[in-house]
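Using the hints, position chain B against chain A.
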Amino acid sequence: EDQVTQSPEALRLQEGESSSLNCSYTVSGLRGLFWYRQDPGKGPEFLFTLYSAGEEKEKERLKATLTKKESFLHITAPKPEDSATYLCAVQEDNYGQNFVFGPGTRLSVLP
Amino acid sequence: DTEVTQTPKHLVMGMTNKKSLKCEQHMGHRAMYWYKQKAKKPPELMFVYSYEKLSINESVPSRFSPECPNSSLLNLHLHALQPEDSALYLCASSQGPREGNTEAFFGQGTRLTVV
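Here the protein sequences come in this chain order: A and B. All the letters of the first sequence, read from the start, carry residue numbers 3 to 113 under the working numbering. All the letters of the second sequence, read from the start, carry residue numbers 227 to 341 under the working numbering.
Take every hint as true, because none was put in to throw you off.
Chain A is nowhere near these chain B residues, computed Cβ spacing over 10 Å in every case: (1) Leu237; (2) Gly240; (3) Ser246; (4) Glu278; (5) Ser285; (6) Pro287; (7) Phe290; (8) Glu293; (9) Cys294; (10) Asn296; (11) Ala306.
Below, a list of computed lysine-lysine pairs in the DSS-like style, where the Cα atoms sit at most 25 Å apart: (12) A/Lys81 to B/Lys266; (13) B/Lys245 to B/Lys279; (14) B/Lys264 to B/Lys235; (15) A/Lys71 to B/Lys267; (16) A/Lys44 to B/Lys245; (17) B/Lys266 to A/Lys44; (18) B/Lys266 to B/Lys248; (19) A/Lys70 to A/Lys59.
The set of hints was computed from the structure by calculation and includes no laboratory data. A quick note: this is a predicted structure, and the numbers were derived from the prediction, not measured. Ideal placement from N, C-alpha and C gives every residue a C-beta, glycine not left out.
This is chain A alone, in the form it adopts within the complex:
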């Protein structure tokens, strides 16, 4: 059975204090790993798709990386508006239509 875990559960940073969020997964074959940002009461907002180990994607202050067992979301010099819950999700190769989500990391960036 797919399993996706994320750490830490919650993270408080000062504005400008860089850090990383972790997503670990166990699937028999990875079709894709996806990062989303979710604000309270809103739907998840797509950030990145990663397909293979070694792949990296960047967008503004965010950078996502992928290894064979985990993904990291690096946040450089965060701002208060980066405060949100960050979710990762995986699709398995042989059951590719279900996006299985991890529990998320609640990020708070203090001014």
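For chain B alone, kept in the frame of chain A given last:
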């Protein structure tokens, strides 16, 4: 345009009511999804439609009835719900399996309260 539109945004219904949630996308996506999300929990899959046919039903109770009238529309019909069904209901769409099934784009959700 990566917009998925859900209506209504909020819904309060009694346990004997019948209501419907609606979802629309115009990205040409051929896979559409219903997810349920409880507070401080990740989204959980309910149904997947692929090329307008139901392809996944995650053992959802029959009081939830999905419908896909065409490739752009997805409905979720609700009947005789329980208070524990109160949640944020999310619709999403992605390319279909034949097109490579990439990332899913989510709507803003319908906040459902069952009284």
